[in-house]
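> Just so you know, the sequences run in chain order A and B. Position 146 (the first sequence) corresponds to 146 in this note's numbering; numbering is contiguous. Position 82 (the second sequence) corresponds to 1082 in this note's numbering; numbering is contiguous.
Since the hints were made in silico from the structure, they are not lab data. Errors might be hidden in some of the hints.
Stated by the list, open to error - Far from chain B, some chain A residues (derived; all Cβ distances over 12 Å):
1. K47
2. I50
3. E72
4. R187
5. R190
6. A243
Said to hold, decoys possible - Some but not every residue of chain B turned toward chain A, in silico, with C-beta under 8 Å:
7. F1021
8. F1029
9. Y1033
10. Q1051
11. Y1054
12. I1077
13. E1129
14. N1133
15. V1137
16. Y1153
17. S1169
Backbone N, C-alpha and C fix where the C-beta goes; we use that ideal spot for every residue, glycine too.
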Amino acid sequence: MVCELWKTRLDTYLDGELPSEEMRDFDSHVHSCPTCGADALARVQMKRSIQGFGKRFTASPEFRKRILRRIEAKPRRVAFGIAWMTASAVIAVLVVVGLASTYRLRDRTRSEQVFSEVADLHVGMLASSAPVDVISTDRHTVKPWFQGKIPFAFDLPELQNSEFSLLGGRMTYLAQTPGAHLVYEVRKHRISVLVFQEGSLRTRLDENAPAKELSFNVETWSHGGLRYFVIGDASAIDVHNLADLLKRAAA
Amino acid sequence: MTWLAVYHIDVSGVDPQSGSFEELAMPLFDPLYNFAHWLTRNRDEAEDLVQETYFKALRGFSSFQLGTNFRAWMYRILRNTFLTSCAGLKATATLPLGDPEEEEGPELAVEFVTPETILIDRSNSDLIEREINELPVHFREVLLLCEVEEMSYQEIAETLSVPIGTVMSRLSRARKRLRDGLRQRMTEGSRAEQTPVKNGMNYGL
Chain A
1 MVCELWKTRL DTYLDGELPS EEMRDFDSHV HSCPTCGADA LARVQMKRSI
51 QGFGKRFTAS PEFRKRILRR IEAKPRRVAF GIAWMTASAV IAVLVVVGLA
101 STYRLRDRTR SEQVFSEVAD LHVGMLASSA PVDVISTDRH TVKPWFQGKI
151 PFAFDLPELQ NSEFSLLGGR MTYLAQTPGA HLVYEVRKHR ISVLVFQEGS
201 LRTRLDENAP AKELSFNVET WSHGGLRYFV IGDASAIDVH NLADLLKRAA
251 A
Chain B
1001 MTWLAVYHID VSGVDPQSGS FEELAMPLFD PLYNFAHWLT RNRDEAEDLV
1051 QETYFKALRG FSSFQLGTNF RAWMYRILRN TFLTSCAGLK ATATLPLGDP
1101 EEEEGPELAV EFVTPETILI DRSNSDLIER EINELPVHFR EVLLLCEVEE
1151 MSYQEIAETL SVPIGTVMSR LSRARKRLRD GLRQRMTEGS RAEQTPVKNG
1201 MNYGL
């Protein structure tokens, strides 16, 4: 292999990320080739320097105390000890009895949390001085803007002859996963449409449960592996009509 | 022992199998703050970012899956919180034109005086800080996670929610930009040193 080919993988080698066989080949090459050896040494120096300079910011003790005070009162995750083993038979019975209701309760709690965060995203957009990052009423401008920013594609409806207008879109996050946040308007009411990958939310949502969240009207459904939310202070009929348009566009 | 073993330090993630949120999260406080400061470039904003990260993590701790990487989970929350903040939106809005994953040209051949040699001198810390700060946020974060936090490619991929190939590509481009930037500053520096003294007077520049 000529040195230029070695060089393309030199950083991966120095990060220790090559398969072990290639690491051995690289080791022997770096030992025997003065040019690559010098290059590797220089890059190691660079890594060390960045590592040294990179750890330069430290928080004040007051700030650390403040954070600690806020979190230290929370309950522990208890390790599964021997004492638990002896009591496991009794616990198992209780668990079996309560399992169905517990799961339902947990799902509902998580589901409520998701709807609450969706409402937060909508309110955040309304309160923002820059509610959208791509400003356009043209779906052929807004949709391509998301390419490369989110790991999925979606379709937007044609709004001609409808009372809705598209204002634009922005990237957003829900449960630490990226998604699309589109903003529509109907008679001065702004409506958010949020699209995420269904699997990444890791929550089974009750689509019929929350007709309202913080007095906003909400509609949600899943299609083609994507989870859609439509939320706004417009009437329930408007929210439903916009949801219908989106469903037809995606069908 | 491999050639690398002389400097390689293994850093594994926090074991999430037991303990309270405090026990798991507080050892990450200093590195998270450092990372937040690099992202925001501002002490107050870094504190706000860390505070919000801890609150969000605490709220979502019950949904954290045991057996998964707690460190990557915390960094992901911090990074996503940053990206949706005003500072984050501003930072991502200044991304360069063109495909961010597109490879640039090959590295230049090894030079006698390289950008790396300038770094040996600790007095040049301002220079390296300036260069890292000038990197677009997508390059800055991947470089810091790899070099400062010593995360594996897999862990970085989990933190940034991108494929490993994207991590490698961004890392390569970040390093190239950093080297090119340092090389340019070195050239400018040597030109300045060679500038003749005006009217026989040295202005100390």
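> Hint by hint, which ones does the structure fall short of?
1, 2, 3, 14, 15, 17
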